[in-house]
Each structure stands twice: as structure tokens, then as C-alpha cells.
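Asker: Going down the list, the protein sequences come from chains A and B.
Going letter by letter, the first sequence gives residues 1 to 397 in the working numbering.
Going letter by letter, the second sequence gives residues 398 to 791 in the working numbering.
Since the hints were derived computationally from the structure, they do not count as laboratory data.
You may find that some hints are simply not true.
[Said to hold, decoys possible] Chain A regions said to be covered by chain B (calculated; three or more residues, Cβ under 8 Å):
hint: 1; segment: 42-55
hint: 2; segment: 255-267
[Claimed, not checked] List of simulated lysine to any residue pairs, SDA-like, C-alpha gap at most 20 Å:
hint: 3; chain 1: B; residue 1: Lys709; chain 2: B; residue 2: Tyr641
hint: 4; chain 1: B; residue 1: Lys730; chain 2: B; residue 2: Ala766
hint: 5; chain 1: B; residue 1: Lys783; chain 2: A; residue 2: Gln276
hint: 6; chain 1: A; residue 1: Lys265; chain 2: B; residue 2: Lys567
hint: 7; chain 1: A; residue 1: Lys272; chain 2: B; residue 2: Ala766
hint: 8; chain 1: B; residue 1: Lys783; chain 2: A; residue 2: Arg134
hint: 9; chain 1: A; residue 1: Lys232; chain 2: A; residue 2: Arg134
hint: 10; chain 1: B; residue 1: Lys567; chain 2: B; residue 2: Val524
hint: 11; chain 1: B; residue 1: Lys709; chain 2: A; residue 2: Leu5
[Claimed, not checked] Which stretches of chain B does chain A cover? Using the computed rule of at least three CB atoms under 8 Å from a CB of chain A, they are:
hint: 12; segment: 491-505
hint: 13; segment: 690-696
hint: 14; segment: 719-726
All figures in this text were calculated on a predicted structure; none of them were measured in a lab.
Cβ coordinates follow ideal geometry from the N, Cα and C atoms, glycine included.
Chain residues, written in single-letter form:
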Amino acid sequence: MPLLLTEEQAMLRDSARGFLAEHGPVAHLRELRDTRDATGFSRELWARFAEMGFTGLLVPESFGGSGLGHVEAGVVMEEIGRNLTPSPFLATALLTASAIMRAGTAEQKAEYLRKIGAGQLIGALAVDEAPKHRPAAIAMTARRRGNGFALDGAKGFVVDGHVADLMIVAARTSGAPGDREGLTLFLVDPKTKGIETERTAMVDAHNAARVTFRDVLVDADAVLGEVDAGGKVLDGVLNIGRAAVAAELVGTGEEAFGRTVAYLKERKQFGKAIGQFQALQHRAAHLYGELEVTRSAVLKALQMLDSDFDSAGPYVAIAKRRQVEHAGRAGGGPDARRHGHDGRLRHRPLHEARARRPGVVRRHEFPRQRAGQTERLLNRRTHFARCGRCGAHASLL
Amino acid sequence: MSDLQTFRRETRAWLEANCPPEMRKPVLSEDDTCWGGKRWKFQSDAQRVWLERMAGRGWTAPEWPKAYGGGGLEREEAKVLRAEMRALGCRSPLDSFGIWMLGPALLKFGSEQQKAHYLPQITRGEVRWCQGYSEPNAGSDLASLQTRAEDKGDHFLVNGQKIWTSYADKADWIFCLVRTDFAAKKHEGISFILFDMTSPGVTTRPITLISGKSPFCETFFDNVKVPKSQLVGTLNKGWDIAKYLLTHERDMIGGMGDRASARPLGQIAAHLLGANAAGELADPILRGEIATFEIDEAAFRFTMERAGDMMKAGQGNPAFSSVLKYYGTELNKRRNELLMSAGGSDALEWESERSHTGALARGWLRSKANSIEGGTSEVQLNIVAKRILGLPDA
Numbered sequence: 001m002p003l004l005l006t007e008e009q010a011m012l013r014d015s016a017r018g019f020l021a022e023h024g025p026v027a028h029l030r031e032l033r034d035t036r037d038a039t040g041f042s043r044e045l046w047a048r049f050a051e052m053g054f055t056g057l058l059v060p061e062s063f064g065g066s067g068l069g070h071v072e073a074g075v076v077m078e079e080i081g082r083n084l085t086p087s088p089f090l091a092t093a094l095l096t097a098s099a100i101m102r103a104g105t106a107e108q109k110a111e112y113l114r115k116i117g118a119g120q121l122i123g124a125l126a127v128d129e130a131p132k133h134r135p136a137a138i139a140m141t142a143r144r145r146g147n148g149f150a151l152d153g154a155k156g157f158v159v160d161g162h163v164a165d166l167m168i169v170a171a172r173t174s175g176a177p178g179d180r181e182g183l184t185l186f187l188v189d190p191k192t193k194g195i196e197t198e199r200t201a202m203v204d205a206h207n208a209a210r211v212t213f214r215d216v217l218v219d220a221d222a223v224l225g226e227v228d229a230g231g232k233v234l235d236g237v238l239n240i241g242r243a244a245v246a247a248e249l250v251g252t253g254e255e256a257f258g259r260t261v262a263y264l265k266e267r268k269q270f271g272k273a274i275g276q277f278q279a280l281q282h283r284a285a286h287l288y289g290e291l292e293v294t295r296s297a298v299l300k301a302l303q304m305l306d307s308d309f310d311s312a313g314p315y316v317a318i319a320k321r322r323q324v325e326h327a328g329r330a331g332g333g334p335d336a337r338r339h340g341h342d343g344r345l346r347h348r349p350l351h352e353a354r355a356r357r358p359g360v361v362r363r364h365e366f367p368r369q370r371a372g373q374t375e376r377l378l379n380r381r382t383h384f385a386r387c388g389r390c391g392a393h394a395s396l397l
Numbered sequence: 398m399s400d401l402q403t404f405r406r407e408t409r410a411w412l413e414a415n416c417p418p419e420m421r422k423p424v425l426s427e428d429d430t431c432w433g434g435k436r437w438k439f440q441s442d443a444q445r446v447w448l449e450r451m452a453g454r455g456w457t458a459p460e461w462p463k464a465y466g467g468g469g470l471e472r473e474e475a476k477v478l479r480a481e482m483r484a485l486g487c488r489s490p491l492d493s494f495g496i497w498m499l500g501p502a503l504l505k506f507g508s509e510q511q512k513a514h515y516l517p518q519i520t521r522g523e524v525r526w527c528q529g530y531s532e533p534n535a536g537s538d539l540a541s542l543q544t545r546a547e548d549k550g551d552h553f554l555v556n557g558q559k560i561w562t563s564y565a566d567k568a569d570w571i572f573c574l575v576r577t578d579f580a581a582k583k584h585e586g587i588s589f590i591l592f593d594m595t596s597p598g599v600t601t602r603p604i605t606l607i608s609g610k611s612p613f614c615e616t617f618f619d620n621v622k623v624p625k626s627q628l629v630g631t632l633n634k635g636w637d638i639a640k641y642l643l644t645h646e647r648d649m650i651g652g653m654g655d656r657a658s659a660r661p662l663g664q665i666a667a668h669l670l671g672a673n674a675a676g677e678l679a680d681p682i683l684r685g686e687i688a689t690f691e692i693d694e695a696a697f698r699f700t701m702e703r704a705g706d707m708m709k710a711g712q713g714n715p716a717f718s719s720v721l722k723y724y725g726t727e728l729n730k731r732r733n734e735l736l737m738s739a740g741g742s743d744a745l746e747w748e749s750e751r752s753h754t755g756a757l758a759r760g761w762l763r764s765k766a767n768s769i770e771g772g773t774s775e776v777q778l779n780i781v782a783k784r785i786l787g788l789p790d791a
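Use the sequences and the hints to build the structure in full.
Answerer: Structural data, given as C-alpha cells:
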């Protein structure tokens, strides 16, 4: 298979690019952030995602979805990354949908997949319990009680956890924290008694929550997949998430890089465009190479998920690690520096500031800044980033 | 079963049956590679047999047309062949500037007669070629080259000097850039000619490098007669061929970040350094660095694959070869640094048999030239900045 997008995939990219640039540009995220929007994404936009077929992208056609693959999921994620569009696409359309597709019973699939595809159900995956992403370290317990289980524990960094209609919760039914075996996945209604959710505003203005479970009772049919065998399902689903986030950051990195290159051509100092200076040319050319190498690794991982899912792990790890190291650098460090103070403005990042107020640094905005906008762009969802690193070490040595 | 799956199965079976066991061992030093040529002495029967068998199938140049001694494979088939060779640890049957550089240029610019004559000799490893590009005053600014070829009716008379000519002393023929119009602008008076290194008036003088080896030569031309039939393409249009060939040279040098690595660095390091009970490298910091390196190397390999696919699909930018050259050579230097770290003081041995006469150290020192030869890293970055990113000239 050529390591390229097919014609159909390129068409999907073009339509996603146009759609997201129009309906989900960076300004959209800023508005939600600055008004402290309670949902953190636009339900109206999510309904449009459904019209575009994005919500059910992975969902089989028999459940009303598009039945597309992971490359297509990555194509949409890349455009989301380019615009920083806030949406439940990752947690719902990719993680929740694929967990149910891969492990669900016929009844569970029938109940949830169609709703996901129609944009009527928001899902969230609750895995992490500590700042580092270590699925095997899960300590949260699910003890047999009556006809079902009682869940006790606490989860953090649950993406979209504060608005989810359905939570997939990984808990321990046997073994001890650190064991890869003994995990079970549960489909949990977040409104169940004993669940408390605290929304956590994150540095990148994207959605996450801390969720505590105190003696939360669920029925036996809430189990997703086999009891004690949730680890393998989780591995597969997390691989999809890692590759998807890698693709998202390819888009973010490329967007930041593109803006920087445009700025190098436009900004004049010492009477000439700063892009004429070899010191900056070389940094830009170097970053271009890193981005392209990363793009190759990400596409390879996505293709592997489609062609040989069970062998895709190392490829996903390579993509994830590359993306964290290099797409991150492309948008975060040197680029921000090349934009000088403008790169640190919160509301007018990158060349927008220049274009509107050439030569003027908007000092009145400085008190509002906490971290450079360009850095923020790249710091998203380290959840999946971290495991890419340790996963790679484990699989390659 | 798809055609490609059938091809994979058959290829694997053929390689298993035909690649001698000695040719599946890792290449430990440059002495293990086969360069072919009229004066080539095979290091072993296995090396000779492996070349003959692969050349017999056209698989020393898998994607060239069968009519010129190639394998006539589709790109996807060639990928399968490479992957299967990698999986079995097969050595390259033939390393050849003819295959990597001259061949692609001849396929594009050569006359039918030239292709039919030169290409099959190349694929069989019968003629070893060298590249006459750099001169003492034409390095990064290659187009300022001064070697002259005067029109003498039925032949050119060549006078001048080349330098950093890789393996000129071992090569049978040279592909050479010469100035044929002395009044024209520097890019417009260059021609691309081929000639026999045994022609009267050609002398070579090896240059000893810090690795203690002499892969490069100074090459002198003193009234060398070159028949006009050995001009490739159009007179004074040689720069187009030179540039095209350079993209292949850059792919080739960049590819060292991949090709040299049939055996994972982690395994080599574990062998040198030892591993704990869990099979992990005894040095956790080096282990992390090697993992990071291998990730970059794998990602680079995918990038070479993608770049080739893009060119094939007509979506490529020729300047992308500068990304590959830059990236691949920096990787290869990193690889050698890591090998030296893993080898510790053993890696400093220079002459012992135990160290294969200092193979690690010599390879490490040799790798320093990677980011110079074929255009420096800085030149590659200039090309990317200008031709891909469209940044303005200084």
C-alpha cells in the first residue's frame, strides 16, 4: 500500500479542512474559553459533525455509521488539530465507539453505536488515576455485589468527562495495581448514585474532568467485553487514541509552522524580510524535515491500524513519540521565539497580531497571558503522549 | 491471495533458498560490502554467488526495466523485496554508484544506445563507476567547476582536477561534469560525460582520512581524449543532469541512515554492553537514547518510503531529496555516536583483530563526512528553505 492518502481520503481531508476552518476555527475555541462555557464545545457544531458523517466515522454502516478506517479518523483529527476545534470527536467517535465496536455485545452495540453516529451520545473513557498514564497501575476496584459490581476509586484526566452521557470505566476485578491482567471495562451512566464529577479547566482550554466513584452499583450487563480481560481491549482502543492524537498534532504543528513561514516572509527588520537570514532559514528547514518525518510515521501507524491492528502497537508508539518531540517543537519552541513577543500573546497569536497592528506589541494584553499561545497549542492531551514514550521503549528494546 | 501476497511468499522462499548464510550476517565493516567492477576480488564465494544470483533476477536494480538488466518490478513489489531482505537480514548484493546515481540519470537522459550498453554492466556489477563532481574550488558552489573539455572534432580533450572522488582509484569508469562553454554563465556551460579511468592522462591519488582509510581521491586529467559518443544528453545542458543525479545521490547518502542498519542498534549495543535478566540493556540512559534513535530511524524509513511513493504518484518535490540527505546523514552520525558509547573503551581499539581493525571507531570517524559529501547539511537546508518553503534569497 503506498504511504499516501488515497483519492477518497484526500477528498475527505479537503472537505474536513473547509468545514472546520469555517465552523470551528481557533476563534471558536477562544470564545468558549473566554466565556467559560460550561460545555466546552458547541453542541450545534457537534450536530454538524453528525451531518458530515464524522461522529459515526468508525461506526459500521449496519449501525448507521460511515464504516471508515483509522486513516480517515486521522485525516479528520489532523484538521481538528489545525483549527484546535473543540469537540467530543476523540473521546466519543473514536475511543468510546471503538471500545464498544471491539468488545461490545450485540445489545450494547445496538444501544450505543447508532446514537454515537447520530451525534446523540457523548462518551468518555476513564482510565488514568495518577498524573502519569499507566493503565496497568489502575487501582480502582469493581467488587461483585448482588447481580453486578460496586465501583470504588477515582479517575483523572477523563476527556469530556464533565459532559459525558456514557462513561467507559476501567477498574480492577482481580490482581493488584501493576498487573496487566485483572482489568474490566464497565459502561457506566455518569448520573448513577455515588459518582461525582469535577470539571478541570486545562492549559489548552480543552475538556477534562476528575471523577470519583463511591460504592457505585452497576449491573452485570454493564461489563464491556470479558471480566478480567479489559486490558487487551484497552490496549487496542488506546492505540487508536494515540495515533489519532498524533495525527491531530501533525495538523497543529503544521498550522503553527505554516504561519511562522508566512511571517518570516512578511516581517521586516534591518530593512529586509527576516526570512532572508540564513539562521532562520536553517531552523525553518530543519523543522520542516522533522514535521515531514513525523507525518510519515503517523500515516504509517494509521495504515497499520487498518491493515494489521494487532501488530500496530510499535508503529503507534513511534508515531506518538515522534509527534510529541517534533510536532511539539515545531509549534511550541522556536516558532514562538521567532514571533518574538507576539508569539506569547493570548488573543492574537502568531501573525494575526502583526497583520492587524504591524509593529505594535500589545502591551495591555500581557497581564492576561499565562503561557504562550503557541505553546498552549501543542500541550494538548499529554495523556496519550506519555504512554507513547514508555510504550516505545518497551516495544523497541 | 493477492498478487502481492503471492509475490511476497515466492520472494521469501527464493531468498531463503538462494541467499547464502554468510550473506545474512550483519555488515561489520566496509570490507564486508561488495562493490563489483573489473578489478573486484570477492571476499568469499558466498559474496560472488549472492551477486550472481541477485543480478540474474535483475534484483540488484529491482525497479529498472528488464531490458537493461533490472528486475522490472513495480514499486510495491520492490518494497516487498526490500522488506523480505530486511527480515532475513540479507546483505545488499551490490553497492554501486552506477545503480544509485548514474543509472537513474542514464534512464532519464541517456540515448537508447547508452542505456543498452552501460546499464546491464552496472546491474551485473561488472563495471564500477565513480563520480567526478567536486573540484578544489567547486564544492558547495559546484557549478563553478573549471575542468575543461575542448571540442576536438571527433572527441573532447579533458583537462583539470577533481577532488573527493569516492573510490576513483578503484573505479573502472567515471561520470564527470566538465565545462564545455567557457563564456557562458556558470550553470549553462557544463556537460555530462562518461569515460574510462584507464584512458591515458587519468591519474588518481588517494586521500587518507581520519578513519585511516582512503575512500576519496584527488583525480587529475591531463589531455584525456573522450569520444563524443560518451556525452550524455545535450551539450552544455549537463547541469540539469547533474542536479537530477544529485537528488539520487542525496537519497543514497541519506539512505545510509537506513541501509547500514539491518541489525537493530539495540541488539548490537546489548551484545557490546550486556543486558540484564529481562533482556534490557544494562545502561538505562543509553537504552533510552537508543530507543529514541530507533524511533527516529524508523520514522525516517517511513519517510523514504513515502517520498518514493509521492514521486511515483507525481506528488513529489525533487528538493525533498535534500530533506532525506540532511536527515539521513545526521541520523547516521548519531548512530555511530551511540555505537561508540555502547562500545566504551573497546570501541577505541584501532588495530586489533578483536575490534575488526577498529571497525567501530573507523566507521564513526568516516560518518563525520556524511554531512559534507553530496552537499553539506547547510546546503541541503538552503535548498529546502528556498525550493520548498519559498523563503527569499539573502
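Asker: Could you tell me which of the numbered hints above are not met by this structure, giving the numbers in increasing order?
Answerer: Numbers 1, 6, 7, 8, 12 - these are the hints that the structure violates, sorted from lowest upward.
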